[in-house]
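Student: With these hints in hand, go ahead and build the complete structure from the sequences.
So the sequences go chain by chain: A and B. Numbering-wise (the working numbering), the first sequence opens with residue 176 and increments by one. Numbering-wise (the working numbering), the second sequence opens with residue 176 and increments by one.
Wrong hints could be hidden among the right ones.
Because identical chains cannot be distinguished in the list, a pair is counted as satisfied if it fits within a single copy or across any two copies.
[Unchecked claim] No more than 20 Å apart at the CA atoms, straight line, and that leaves these computed lysine to aspartate or glutamate pairs for EDC-like: (1) Lys-331 - Glu-376; (2) Lys-287 - Glu-322; (3) Lys-287 - Glu-254; (4) Lys-338 - Glu-365; (5) Lys-293 - Asp-319; (6) Lys-338 - Asp-360; (7) Lys-331 - Asp-366; (8) Lys-265 - Asp-335; (9) Lys-338 - Glu-376; (10) Lys-337 - Asp-366; (11) Lys-293 - Asp-366; (12) Lys-293 - Asp-247; (13) Lys-337 - Glu-365; (14) Lys-331 - Asp-247; (15) Lys-241 - Glu-216; (16) Lys-328 - Glu-376; (17) Lys-337 - Glu-376; (18) Lys-337 - Asp-360; (19) Lys-213 - Glu-329.
Keep in mind that the hints were calculated from the coordinates and are not lab data. Fair warning: this is a prediction, and the values are worked out from it, not measured in the lab.
Number of protein chains: 2
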Amino acid sequence: MTTVMIDRDDVNISLREKKKIETKNKIFEVAGRLFKEKGFESTTVDEITTKARIGKGTFFNYFPTKEALLMDFAKQKEELVYDIVLKELKTNTSVREKIKNVLVLVAKSNEKDKELTKLFVFEHMRRYGYDERKSTGLNILLCDLLEKGIGTKEVKKNIDIKKAAGNITGVYFASLMEWLWSQSDYSFSEDISIKIDMIFEGIGS
Amino acid sequence: MTTVMIDRDDVNISLREKKKIETKNKIFEVAGRLFKEKGFESTTVDEITTKARIGKGTFFNYFPTKEALLMDFAKQKEELVYDIVLKELKTNTSVREKIKNVLVLVAKSNEKDKELTKLFVFEHMRRYGYDERKSTGLNILLCDLLEKGIGTKEVKKNIDIKKAAGNITGVYFASLMEWLWSQSDYSFSEDISIKIDMIFEGIGS
DNA sequence: AGTCATATATGACTGTGGTCATATTTAATA
DNA sequence: TATTAAATATGACCACAGTCATATATGACT
Numbered sequence: 176m177t178t179v180m181i182d183r184d185d186v187n188i189s190l191r192e193k194k195k196i197e198t199k200n201k202i203f204e205v206a207g208r209l210f211k212e213k214g215f216e217s218t219t220v221d222e223i224t225t226k227a228r229i230g231k232g233t234f235f236n237y238f239p240t241k242e243a244l245l246m247d248f249a250k251q252k253e254e255l256v257y258d259i260v261l262k263e264l265k266t267n268t269s270v271r272e273k274i275k276n277v278l279v280l281v282a283k284s285n286e287k288d289k290e291l292t293k294l295f296v297f298e299h300m301r302r303y304g305y306d307e308r309k310s311t312g313l314n315i316l317l318c319d320l321l322e323k324g325i326g327t328k329e330v331k332k333n334i335d336i337k338k339a340a341g342n343i344t345g346v347y348f349a350s351l352m353e354w355l356w357s358q359s360d361y362s363f364s365e366d367i368s369i370k371i372d373m374i375f376e377g378i379g380s
Numbered sequence: 176m177t178t179v180m181i182d183r184d185d186v187n188i189s190l191r192e193k194k195k196i197e198t199k200n201k202i203f204e205v206a207g208r209l210f211k212e213k214g215f216e217s218t219t220v221d222e223i224t225t226k227a228r229i230g231k232g233t234f235f236n237y238f239p240t241k242e243a244l245l246m247d248f249a250k251q252k253e254e255l256v257y258d259i260v261l262k263e264l265k266t267n268t269s270v271r272e273k274i275k276n277v278l279v280l281v282a283k284s285n286e287k288d289k290e291l292t293k294l295f296v297f298e299h300m301r302r303y304g305y306d307e308r309k310s311t312g313l314n315i316l317l318c319d320l321l322e323k324g325i326g327t328k329e330v331k332k333n334i335d336i337k338k339a340a341g342n343i344t345g346v347y348f349a350s351l352m353e354w355l356w357s358q359s360d361y362s363f364s365e366d367i368s369i370k371i372d373m374i375f376e377g378i379g380s
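Tutor: Spelled out as structure tokens, the structure:
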């Protein structure tokens, strides 16, 4: 049924596959340029397909919606941060520091391109709602770290870990939103750092 | 320049004004029914105007966008909650209880119509971003209460009140989002109640 | 009542995202 | 090479939000 012989890694890639990859790359290339030039909203699918010299319908063979294309950009960016975060997790610091540092790292990555991040956050919410964002990556990581924190006595023993992680994610998310839409140009990563301390220490006396 | 004589309250309302109010009410009436019947997205402006027996252009004389109409519904709902919150603030409870109760009240109001709340939250964010939501109402109220809390020694003296209020709003907002998009039917108001306690007491030991 | 400036109503029209029946290209099989 | 099935490409087409030039209704003033 299937061709099993493989001489070199890419020998098996058919013309079809090659063309598919080429077309997808072309869309990425053109769209990326246009998004940066004129923003997401004012870039039309028509313009993308014309500039990429493909039919309009073809675009939708590769991306179900215009927003899906945007989300693919987001995914690429996310993968970059993921590597940096992994590195941080391997360091020899306290759980509390780790949590703070990870969030600061993610924050700094977001600080690099405010407008694009805004679009990503918004579109992600529109497509997957809020829950998905929580369940993937960050929240699981936080639950894990908090669990360890209980072991090292850095975190209260009788706490509901999921809710605590939810609070941290919540504060992060809300602070991100506030920063994204704020006019003034304060440092998001500093802001988040202070707020995480507050979550650990509590505001009540 | 202006007619000053007024015999009865409504004698001065011109035919124009009357018709304007009538038309706006008609749009509200028809749209409200359709939104409940088939949801916001699948209700078209065309259908609203046809059922309301007005021209399509007329709709946009009253509401700049379809979403603006939705936001007007939201405003009406907001005003209802506002009264209830004011009542709570007059009670003789601790600052911490007051904060918790106010958020629980708002949560309960949101619990009444999940789908509509989802639309409101989403559209509000789309139109005004996140900052506006914070600055109006809730955040000012929280800053006020926290200030009082410092006076009554319920809240740490040297804390950054704005950031603390931000954390509470953030946790509220994120929990709202999580609840809105979750499949399971847990109690949002209970969830928020526990989380507020966590914010006061901290998670570190 | 008649005149006129202004507020309001209207629907044909436009721009854009997305669909779908049909055409074309590719690759497996004979 | 010839035939055929399946993958892929395509642009005419549709639905819907929003615009705008034009038509109509209203009320102030004479």
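Student: For Lys-338 vs Asp-360, is the C-alpha pair at or below 20 Å within one copy, between two copies, both, or neither?
Tutor: between (31 Å within a copy, 16 Å between copies)
Student: Within a copy, between copies, both or neither: which one fits Lys-265 and Asp-335 at a CA-CA cutoff of 20 Å?
Tutor: neither (26 Å within a copy, 32 Å between copies)
Student: Please sort Lys-331 with Glu-376 into within, between, both or neither, judging by C-alpha distance up to 20 Å.
Tutor: both (11 Å within a copy, 10 Å between copies)
Student: At most 20 Å between CA atoms: does that hold for Lys-337 and Asp-360 within a copy, between copies, both, or neither?
Tutor: Between copies only: 17 Å across, 33 Å inside.
Student: Can you give me the call for Lys-331 and Asp-366, within, between, both or neither, at a CA distance of at most 20 Å?
Tutor: Intra 24 Å, inter 19 Å, cutoff 20 Å: inter-copy only.
Student: Using 20 Å as the alpha carbon limit, work out where Lys-338 and Glu-365 are close: within a copy, between copies, both or neither.
Tutor: between (24 Å within a copy, 12 Å between copies)
Student: Since the copies are identical, ignore which copy is meant and state whether Lys-293 and Asp-319 lie within 20 Å (CA to CA) inside a copy, between copies, both or neither.
Tutor: Intra 28 Å, inter 30 Å, cutoff 20 Å: neither.
Student: Given a CA cutoff of 20 Å, do Lys-331 and Asp-247 count as a within-copy pair, a between-copy pair, both, or neither?
Tutor: For Lys-331 and Asp-247, the Cα distance exceeds 20 Å both inside one copy (39 Å) and across copies (45 Å).
Student: Between Lys-337 and Glu-365, at a C-alpha cutoff of 20 Å, which is it: within one copy, between copies, both, or neither?
Tutor: between (25 Å within a copy, 15 Å between copies)
Student: Please work out whether the CA atoms of Lys-213 and Glu-329 approach to 20 Å or closer within one copy, between two copies, in both situations, or in neither?
Tutor: Classified as neither; 48 Å inside a copy, 51 Å across copies.
Student: Regarding Lys-241 and Glu-216, is the shortest C-alpha distance of 20 Å or less found within a copy, between copies, in both, or in neither?
Tutor: Intra 10 Å, inter 18 Å, cutoff 20 Å: intra and inter.
Student: Checking Lys-287 and Glu-254: alpha-carbon separation at most 20 Å within a copy, between copies, both or neither?
Tutor: Intra 15 Å, inter 39 Å, cutoff 20 Å: intra-copy only.
Hint compliance for this structure: hints 2, 5, 8, 14, 19 are broken, all remaining hints hold.
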